[in-house]
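**Q** Spelled out, the chains give:
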Amino acid sequence: MGTQGFSELMARLEKLDFQKLYQDDFFLTWDKSREELDAIWVVADAIRKLREENKSTRIFDSGLGISIFRDNSTRTRFSFMSACNLLGLEVADLDEKKSQIAHGETLLETANMVSFMADVIGIRDDMYIGKGHTYQKEFADSVKRGFEEGILEQRPTVVSLQCDIDHPTQMMADSLHFAHYFGNGDMESLKGKKIAMTWAYSPSYGKPLSVPQGGIGLWTRLGMDVVLAHPEGYEDMDDVIEVAKKNAAECGGSFTVTNSMEEAFKDADIVYPKSWAPFKAMEERTELYGNGDFDGIDELEQRLLQQNAKHKDWTVTEELMKVTKDGKALYCHPLPADITDVSCKEGEVDASVFDRYRKELYAQASFKPYIIAAMIFLQRVKNPKAKLEELYKADVKRMQE
Amino acid sequence: MGTQGFSELMARLEKLDFQKLYQDDFFLTWDKSREELDAIWVVADAIRKLREENKSTRIFDSGLGISIFRDNSTRTRFSFMSACNLLGLEVADLDEKKSQIAHGETLLETANMVSFMADVIGIRDDMYIGKGHTYQKEFADSVKRGFEEGILEQRPTVVSLQCDIDHPTQMMADSLHFAHYFGNGDMESLKGKKIAMTWAYSPSYGKPLSVPQGGIGLWTRLGMDVVLAHPEGYEDMDDVIEVAKKNAAECGGSFTVTNSMEEAFKDADIVYPKSWAPFKAMEERTELYGNGDFDGIDELEQRLLQQNAKHKDWTVTEELMKVTKDGKALYCHPLPADITDVSCKEGEVDASVFDRYRKELYAQASFKPYIIAAMIFLQRVKNPKAKLEELYKADVKRMQE
Amino acid sequence: MGTQGFSELMARLEKLDFQKLYQDDFFLTWDKSREELDAIWVVADAIRKLREENKSTRIFDSGLGISIFRDNSTRTRFSFMSACNLLGLEVADLDEKKSQIAHGETLLETANMVSFMADVIGIRDDMYIGKGHTYQKEFADSVKRGFEEGILEQRPTVVSLQCDIDHPTQMMADSLHFAHYFGNGDMESLKGKKIAMTWAYSPSYGKPLSVPQGGIGLWTRLGMDVVLAHPEGYEDMDDVIEVAKKNAAECGGSFTVTNSMEEAFKDADIVYPKSWAPFKAMEERTELYGNGDFDGIDELEQRLLQQNAKHKDWTVTEELMKVTKDGKALYCHPLPADITDVSCKEGEVDASVFDRYRKELYAQASFKPYIIAAMIFLQRVKNPKAKLEELYKADVKRMQE
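Chains as they are written, first to last, in numbering that gives the first Met the number 0: chain A, 0 to 400; chain B, 0 to 400; chain C, 0 to 400.
It is worth saying that the hints were derived from the structure and are not from the lab.
In the DSSO-like style, the derived pairs of lysine-lysine whose C-alpha atoms are separated by at most 27 Å in a straight line are: (1) A/K54 x B/K54; (2) C/K19 x A/K54; (3) B/K279 x B/K136; (4) B/K245 x B/K14.
The following block holds chain A by itself, in its conformation from the complex:
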């Protein structure tokens, strides 16, 4: 893309109504209007373009981005840090292990105590069903209240880096990858495309549901033919299934659930096969944890591993890839994947398939820092188009060569 590319992005941005993103949080893609999502994609592309042309994207002279990871993380940690750094924010990690958070201390208190200089708060909390999204919302409400009460000088906004329901930064990044793969970044190019979000066998258990749920919740809004496939017993949350159905009806695509991986792959333009845990088992686990019933958890784990083992045939082989559109569907994965004979004996995908798409898989991942940066940009900047154009013209070098 040349300067023209940037102007085109600005022209697209001008037509979109996205003012409600300003000073607001991002939890679930289906909380947002289609134009708001489009604005995020356009701004992500614009920020990437500025960086490609070695132009500074700093809008903060000082300020903190707070990160909260309630689980180990590499990719998301570095994506959030990269996004903050792009905009001029320094990351302060709230590592609960190093913290002196008193028993019974309210979230309202903790949230305000760490946020005096916070402009954005990135939270990943995907472990327990019914908890993550609630925690993120409570955190956001807490700092909003702190701002309204005059405790905080600014309104820190929250970006969900994955909850128990949705994984919005992943899904938004993945969709932008699809759009660049099929149509130079244009989301319209995805209309009518068939995408298979399917379960796949992994020797581990308990992988988050937020990926399949986030996928069907978002792609049904793009006019795509979305097929969710999994063995019986691996159902997603009913609420999200309803969201997907409603979206498909409204947005001109379709949404189907099947128990056949092959049916899902048939003529698919995109395949997204990935292990996840049954929703009901995760509910059970959450309850067992709540009761401190560790024997019960061990028993559940064994039961789930045995259940998984019945479905080792849910794996991406070269054979299976052949049934996709022209045998050349775009294979996707949020990474890291369980690759047969590489990371495990039997896994989600054959090594030859993974390797053929390796470059595309990395490209897929590369959109995430820009999506996060775009979300922050639109949450904190009052007139995003004017500011982006100003950054383009100012042409402060990101690095001086």
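Use these hints to put chains B and C onto chain A, whose structure you have.
**A** Relative to chain A, chains B and C alone:
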């Protein structure tokens, strides 16, 4: 506050003599003259004002702030990081667990090795009586020597983030909160006000003495009537009691010690009830640690918990609040508090009292990053008034909207 | 040094051919030409000079420096962070303990996933013979490939912060210290100087070989008379011995190996006595680790400690120092040292010797952040001389006083 507010602050700053703060450390409030403390309060308000008006307060283009926490910490960690970030310093945490510090390696060596690019060093070391303050001074002397010997290009200054004797950033922040509550930031408004620094029951033991000691050491300098109240056996360090007495005599207020919580609360304008450990027990613990006598430590803990349990009536009830000035004393706490029926069964304060003052308690905490930033500013900037006015006029945006 | 000093440095830089450093990695000093090493020394001095004159050395407006420490570290961690901070990069630490790196996940994948905004990657991996250097090269190849495939917008370069073979930032810093001690920073002043890299007794075992190996691999290129001394059985890697011999033959100095500490010290201008482990024992340990043979490792440790204990007379005494040139050789150590009666009962050096050279030892350490910054500068800046002169003239203040 408008521009006028900023001018007023500058006018006040002009009259103060605070040149000795430059290139010096901050350990104890009673090391400093009253005008030096006033300068810190004025500069803290000025920096906050700049930030409120979205003006950059960066004075460092690069440089490190080293943090050393010899105990878990959230609030202080984020306050120090916020202060450094405000001024343009990146925080590098000296996490002793990740460090390769050799047995017998001298502090002189460690201090110099981490400080080649350090502009300020924030140290919290409040655990062992007789150790924290000494460690901070040794660290400061070490880097001062490194600077004088030409090892370090700059003289890194030390800010105590709490030691075994004083908690200066907390106390300075709390006092600024009082002054804004009673008189628009004017310390003169605190003259003649009665403040009750009292012990309160908590189900834990061994909370630091630096808070009550820091309180009586500072507030007696402001012409306040300071009452220290605790059950028999919970005495503070004799040295600090002497400091408080001397201050009261010199500064026109008073200092009283009592064993009655109610007497302390009587007609008080401000109440500051908080658990702490007896000084003599902490001395004993330090010795037991030194001898590696862990059975002795367990025994001491049990003894202290039993001793505490005799004083469960030292708690802030609605009843007790009624005896304060007009029943409306300002309730304060450094947080987190032990709240009855919230964080514990029986604690320092009733939930209804805590809740009524919640907003004020958070406001109290919000001054700490600015106090730390002001200390650093005055330690490192030769002509603070000129620099603040320059920052005001330059009007570089903290965040570009 | 005044402005003249800076001009002189620029004049020296102009004569050097170092273009191959641009967009390349730094693993081993003997990978680089002598002029390339000279350029690093000159740029390190120039960056230090800018900082001494309070001039900004920022060349990055945003960007990350990734640090990977596969072992605890203080000095190197702070040196790398200081270097990145000097240039405007924020450090993001890839802490493998906090990471979600899947079993069998390829380094190619991890390296790319953390590097979307990475400008430089500093890696320390000195533990296992045959592993560290290989890991660093693989990491560098991985991100280079990511850049070439269009995954990464920039080519992140790798700086070795120590591997199993060499410790280039230490050795480059040490050499610059020698040159400033003997000749105002001029490497020519080291020609004909005798340096003794000798083993010394320490009560621990398994200290890295990269220091003696790095020393003999670099100093033989400076026309120095390099003597490597150690008890029988403490041999270095054959490959590096060959490098040292070849260098000495080509560069007009000499390289000798002896089993006598006194012989090495005789008339030496510089002595560098330090404990290390026998290469063959480290090979054995690596194999034992590979087999998970922990009994074998314990047995090896005992054997090595006993072997060490036979050589307690390999220690730096005042007596021994007297045989050096005029009794006044420059005593060096990478720190921390095992000091007799300070950090241990019997160690590498007598306290009186260490103390006499303490200031020089700290000065030695102070060059490391500048060496690392110079490596990054030359890796990332196309026209280093022009950029340095621009920074000098622009005169943006590092800190505003």
